[in-house]
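Add chains V and C to chain Z, keeping to what the hints say.
Residue-level listing of the chains:
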Amino acid sequence: MSEHDVLIIGAGLAGMRAALSAKENGVDVAIVSKVHPVRSHSNAAQGGINAALTDRGDDWKDHAFDTIKGSDYLGDQDAIEVMCREAGDEIIQMEHMGVIFNRDESGNLGTRAFGGQRQARTFFVADFTGQALLHVLFEQIIKSDVRVYEEWFALSLIIEEGKCCGAVLMDIASGVIEVVKAKSVILATGGLGRVFEPSTNALICTGDGIAMAYKAGAALMDMEMVQYHPTTLAGSGVLISEGARGEGAHLLNSEGERFMERYAPNMMELASRDVVSRSEQQEIDAGRGVNGTVFLDCRHLGEQIIKERLTQIAEIARDFANVDIYSEPIPIRPGMHYQMGGVKTDVNGLTTVPGLYAAGEAACVSVHGGNRLGANSLLDTLVFGRRSGEHASDFSKNISHTEISGKYAELETNRIQNFLSNDVSAGLFGSMRQDMGSIMNKHLAVYRDKKGMEEALKQIKSLKEDYFKIGVHDKSKTFNTNLLFTLELGGMIDCAEAICISALEREESRGAHTRTDFPDRDDENWLKHILVKQTSEGPITEEAPVKITNWEPQIRSY
Amino acid sequence: MKYAFYPGCVAQGACPELYVATLEICSILGIELDTEVMKGASCTGSGILQEKNERLGDTLNARTFAMAENSGMPMMTICSTCQGVMSQANSRLNEDSDYLKQVNEDISPEGLTYSGTADPRHLLWILLEDIGIDKIKSLVKVPLDGMKIAPFYGCYIVRPSKVLGFDDHPDRQQALEELISAVGAEVVDFPGKTLCCGFPITTINETASMKMVARHTTDAQQLGADAMVTPCPLCHLNLDGFQPKAAQMNAVEINMPILHLPQMIGLALGVDPKILRINKHIMSTKKLLSKVTLTP
Amino acid sequence: MPLPITLNVKRFNPDSDQDSYIQEYQLDVAESDTVLDSLIHIREEIDGTLTFRCSCRSAICGSCAMRIDGKAGLACNTKISDLVSGDKKSITVEPAGNMPVIKDLVVEFEVFWKKIRQVSPWLKHFAMPPKGEHIVPNENMLHLAGVMNCIMCGACVSDCTSLEVNSEFIGPAALAKSYRFLADPRDEANENRLIELSQPGGIWDCTRCMQCVEVCPKEVDPMGRIMSSKEMAIEMGITANTGARHANVFASSVHHSGWLDELKLPVLTHGIFNFKEMFKLAFLGLRAFKVGKVPPVIHKKRPNVTKIRQIFEKVGHK
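Line by line, the protein sequences give chains Z, V and C.
Residues 228 to 785 in the numbering used here are what the first sequence spells out, letter by letter.
Residues 14 to 309 in the numbering used here are what the second sequence spells out, letter by letter.
Residues 45 to 362 in the numbering used here are what the third sequence spells out, letter by letter.
Among the hints, erroneous ones may be present.
Derived BS3-like pairs: lysine-lysine, alpha-carbon spacing no greater than 30 angstroms straight-line [unchecked claim]:
| no. | chain 1 | residue 1 | chain 2 | residue 2 |
| --- | --- | --- | --- | --- |
| 1 | C | K132 | V | K224 |
| 2 | V | K161 | C | K337 |
| 3 | V | K224 | C | K115 |
| 4 | C | K320 | V | K224 |
| 5 | C | K115 | V | K300 |
Hints listed in this document are in silico derivations from the structure and should not be mistaken for laboratory results.
Since the structure is predicted, the reported quantities are computational estimates derived from the model, not experimental observations.
Bound conformation, chain Z alone (with noise of 0.2 angstroms):
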């Protein structure tokens, strides 16, 4: 049985930073992840990455009051500050690591406008900001000589005396089981955007940690806010970045009118998220969108901002939508992209679960609370990355392993023994996770409602019931994505399931969570987190504060 001091699962930014800050404090530390590092979906991050470089005259208590503010109140304050005030060295350290900042003209780095921030403060390379960042740490985790479990699986968490101390692998090339020791286990899986049909998300972001988490007992957060990015493209659902309409792109509906002046006329395109996709769907609602869709408009930005700063917005719209930005407006639409919800942590990373710690998109320290703003997620990740791999190893140092029975393999091997013997006619998981994917746009999207959630919750409650029968067609052992898919489904149901009773439970609309029937925000009732926990009676919700250190709420506009 492999073992090893700190078990990473998920090799994104958050899992490579948490293993960097583990391997430089002494551990023995390993990544588990399903692909290969540089294929981990923080490649998709295109805007860029916030922080307050004091030597710049900009003041991190500003950051961390636009962050709030973004959040709708809902974000931690004690963790915001954390994260705002740890930001400038955070940059300065991926600089150092060789990330290709953009600079301005004395050489230092640069920066440009993003949504809801009132300074410029976002750090960016071009517009795939994620990916240079991505690939750097990558470099760095080869250097290191960090173990990497490429291509392998996490089937499950391993709780014993109420402590995590392992997990259940699956290697995907070969099919074999195997149980790792661990003392301390970080979850750095990602969001669950998959759970939605469409969204921007990659095909690999299925909540996978999430959901072992919520298996495990640990208690989700916030799982109601699920973020809507006003600028998708219809269809496949690919993402256009905040990047653009930082650097000056406009919004338009069908009249050719730049909308954004009626709800958000200070900040206007760049207001936050929710605002901007609230918008956009009032004005398609209204008629004044063309087939389902409102427009991006790149034009007047000129060739030489979108060469040097727009390049992929440029390939992507050329590539998917066949549209040249030189000379059309792109038609986007809200789409699901984020979850500012999930794994409950302190500002260490820790969840509610001993030795199990989690962070970046997979957690909810909370420092988003009901809307993210853009360019706050890649520093999520470095940060709390950071943080989680340096407690992580911190608390490994101080306790040995716990012994692990061999029943743990079996399980998961009889599970998926079920899988394989299913009769294959029973259909395959792709309709199925159609279903669930269409259910929830249609009921948990950008405006909701008691009906539409209950509707929501009821099929998939019976979705889960079905997805035991599902089919797999490919037996073998080798490379078996047929069935890696019908697992990670269930995992998928799972989310959806916490995310409709999230949402359900709360009664006004905050953030992201807009309801037609609580349509005002209710700080009397509602300032306050909302937690999903499984139990052996079923899921129940519990309630944990706000932290309020310095902002108290306010009303809330751009």
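Chains V and C only, in chain Z's frame:
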């Protein structure tokens, strides 16, 4: 139409048969060549000079382009490598006006300026576009019936596609096949036709280069080809000149005659093979020539 | 209007097959569908055993590189409508080349990663880093963005003609990656890097076939980066290898006479005291002489060669 003839180094060096065959078929096809006006032009650099200093290569080629512009005639090349290197240089000079300005400063002492209008074209393309398949067919005196010929383009005339005018002239990518058919021979299609012959690394990694020669010639051989035809004398040098070496190093038997493009055309136009210097190759073409009756 | 097509996919399952085979799938696709859309449709609704890697669907993760109609590329940004027209209604999809096949369209990528690791792909900065960021001009960062655009998809490696015959060749992706550090003003290991890269299997083993340039979905221009690396190596005086000597001798021939002296080139490249190579050359020369295929012994200079030399003086060291 008169063309400023740019033969390139190898046609005046190790492959003189290419030069002679070119003149022969051009006179029959009515392609008028000015063989004097580009005499002062330098080597294109062949990609090798560019390994040392790309800017120098671009400057020398800009000088050649300026000379062509001054001549008032379109330029004709007969080597895939010359063509490709020139097309790449031309593309760089034309896409950045600041760069063109800097390069022009360096050729101005000679009184030359390049305005960006040169469009050097290979004989292969000129045959296709300016003469036309129909005219060539009409002039065929000795149809190469019964001959099976495999095309071998040479990397520099097929990649990168965006500098070689394929958007405006998509037929260029099938030019060799069309000409093989036009002269009455059967096209032997094989996947290596646009791959590398290995010439650029013959000096540096002979083993790898010879593997490439062996692979392509034996593939064509196995598919029944009687000969291969190529528009690049560097490919010819490797596939023909080094064929015995490739056979020996890879322990295979290869007997594949390699023709220069104008030699193949010349045979069909009824030119005496000796005048085309077809007997001046390393790999004998005797068996090949016996496949057709060469008296018109 | 749905478009009827045939997708011919090369299949192989090591658990059950001896050899690979082509499986035909008849599909009706939408006009705007990509090859990936079809593959996903097949594995989710028709044949769950079809195995391939993919993730982002938007040409950023690099998972879905494969050979489509014989040419490497990403399935997610290859439109079906670009591949079918007139009589051609079928598309062939095969695994990427130059890497062993694990199953169906999934190849063993460790071959690729081994080459990447070979070039020490991390920033080597030995001096104490500054308190804040390094100060570097934006043009450098913009230049590097072109190389950093590489998503490690392996298309270039798949179709590299040098790798096909020489598994020791580091390959276009790794060499483009190493250039990323050579061109980074913060990296302080240029000399060592270039010495390593000038060894056999390194930059001089690139055969300049431009396959990598042609197939790269992100316009990284790997061969262009290899050429730049060669320039840097020669400029740094790392010339004790055949490739660099060859380029230097070629340049001096053009400088001397305006064109290539084919007799002198191989002799000077190998060095006249390299008896083994001189013997091989003599043998080759003899064979050529027998058929009358020898370059002119008296190598005439171009008229106006002085003008050519003037350009060398001016631009030679830029």
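Is V/K224 close enough to C/K115, meaning Cα to Cα at most 30 angstroms?
21 angstroms, holds
Does the structure keep V/K161 and C/K337 at a Cα separation of 30 angstroms or less?
26 angstroms, holds
Would the hint linking C/K320 and V/K224 be met if the CA-CA limit is 30 angstroms?
Given pair C/K320, V/K224 holds - Cα atoms ~21 angstroms apart, limit 30 angstroms.
Could you grab the alpha-carbon distance between C/K115 and V/K300 and see if it respects the 30 angstroms cut-off?
36 angstroms, violated
Pair hint outcome, C/K132 versus V/K224 [Cα-Cα no greater than 30 angstroms]:
33 angstroms, violated
Checked against the numbered hints above, the structure breaks hints 1, 5 and satisfies the rest.
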